[in-house]
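Residue numbers (the numbering used here), protein chains in the order written: chain A, 1 to 312; chain B, 1 to 272.
Derived from the structure by calculation, the hints contain no laboratory data.
Computed from a prediction, not measured in an experiment: that's the story for all the values here.
We put the CB at the ideal spot given by N, CA and C, even for glycine.
Residues of chain B placed beyond 12 Å of chain A at every Cβ, according to the derived structure:
#1 53
#2 64
#3 74
#4 159
#5 186
#6 188
#7 189
#8 216
Going by beta-carbon spacing under 10 Å, a handful of chain A positions derived as facing chain B:
#9 131
#10 141
#11 145
#12 194
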Amino acid sequence: MTPRASTAERSQSAPTSGHLRFKPASRTPLQFTGLLFVAPALVMLAALTVYPSVWVLWLSLLRRVPVFGVESFVGLANYAFLATDARFWNAARVTLVFTLVSVGLELVLGVLVALALAAQRRGRRVALSLLLLAWALPSVVTAKLFEWLYHPTAGLVNFLLGGRSLNWLGDPGLALPGVILADAWRTMPFVALLCYARLLAIPPEIYEAAQVDGAGRLALFTRITLPILRGVLLIALLFRTLDAVRAFDIMFVLTGGGPAGTTETLTLYAYRTLFQTLQFGLGAAIGVLVFGVVMALAWGFLRALRVEERPA
Amino acid sequence: MSARGRLRDAVVLILMTLYAGPFFWQVVTSFKPESELLVLPPLLPSSPTLAHYVAVFEKSLVPRALVNSLGVAGLTVLLAVALGLFAAYALARLPIPGRGALLLLIAASTAFPQITTVSPLYLLLRTLGLRDTWAGLVLANTSFALPLIIWLLAGFIREIPEELEEAAFLDGASRVQVLRWVILPLTAPALASAALLTFLMSWNEFLFAYTLSASEASRTVPVAIALFPGVFEVPWGDIAAASILASLPPIAIVVGLQRYLIRGVLAGALRE
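Chain A on its own, in the form it takes in the complex (with noise of 0.2 Å):
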């Protein structure tokens, strides 16, 4: 029986609360219209996400290249064949390392950010709405932007760097860090939106009480801010680890993966292996992987955050 259903029945007994005192022996009826209410949302669901993930697990139990009329049952096959595949895990560590960097930066820019931002008194509209810029533009344009910026003899980066000639997406070692440079320019505005919505809602007297006693700058900072945005900081770590995990745009556009496997993670291995080189079943394999990661992280996150909030 589910939570709310045992507070109808609640209401049944102790015609006090609820909407269920005006029409006592409806619960039946309310269920149909409930039912009727979510069911148009469900089967849209169920036909868009719960379908096609249920699909994507058997198409990873296949080897199905369309091609060649290729589509036979090969068990685990696909999965036993990223285990040792060097291409793959290239691919995860491109993942980890671009996640990992790209929400460290974020995360620290971030509270910066909200911090100037909360101290400002005029023009925190014109503040706000020149850093949310770089959260709201599409990631392709993002991506667009950042390819001009990073060009070898007319990008304002080399031009900034004193006229040097650097080959940003094309150097190995420079193209991962110009990936994550871009994306967390992106979606640094994201965390510090979050921050900066918490800090607003501490009450100035904390601090003042906090100076009365005579704590320095610093001080307030690790003992009061920094506690305060503990919990905040744990969303949007989550939100930005999931979407770090699960991206794909700005590296799709802005290097296609390249140079020499140095940008391509996990997504975008998925996505040429499925539309480029056409073998869906070792594509849906990654895809399913992906998933798995996600999902994982998810968990982890939920009960940390769940972990966070008993105390207080």
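Fit chain B to the supplied structure of chain A, relying on the hints for placement.
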């Protein structure tokens, strides 16, 4: 206000302007004559030109792609809001069997990686004959828009005092009437936030659109920009102009409807 405070505010504003610099640089580029594109310095064009915008409108597929993007994003919002509002109300208020499991499924599907579902979605929509159509893209986008809308709206509806509905029921109103005349007006701001976020996500969406579109019949702006034709040299000026056009709706939302956007983002992230 103290002089120091004013100086501080000015510094923050300058820093934020610099942060948006990559975009402004693209604006500058879009007005540069072809001959000055590949030379630095000068930073600014000697005589700003609209040539790239003219080229984008007359020779590229971007105008058609803008129409496609607008149509797909608009229809996605309509579909997701229409289905989502009823579902959210039911999940927030009515005794649905298996409600906990449903909410869990909806929350989890907001985290589904697109790369995982893109191949079966492609096969499904191809079988239905919806490849390279608006309808196919709208359905694909609904797969991520609908869970988000339900999640946001259910949270908002739960905050509306039940007494307001009870008063309407006493007057003999039906569920649908209550939804229309009590809940809808009260959730209008939340609905606006959810719709804005959905529009923005659909407008910016790339992976589904790139995979499911095959011609100008359904190519959206991000796809058109990613596939911008350049045979011998990359047309940086035209790409810049197309990028600016693609950015206009997001900018309008960030500048003009900022309050709704921020409310939606915060509710989506912070609501349990």
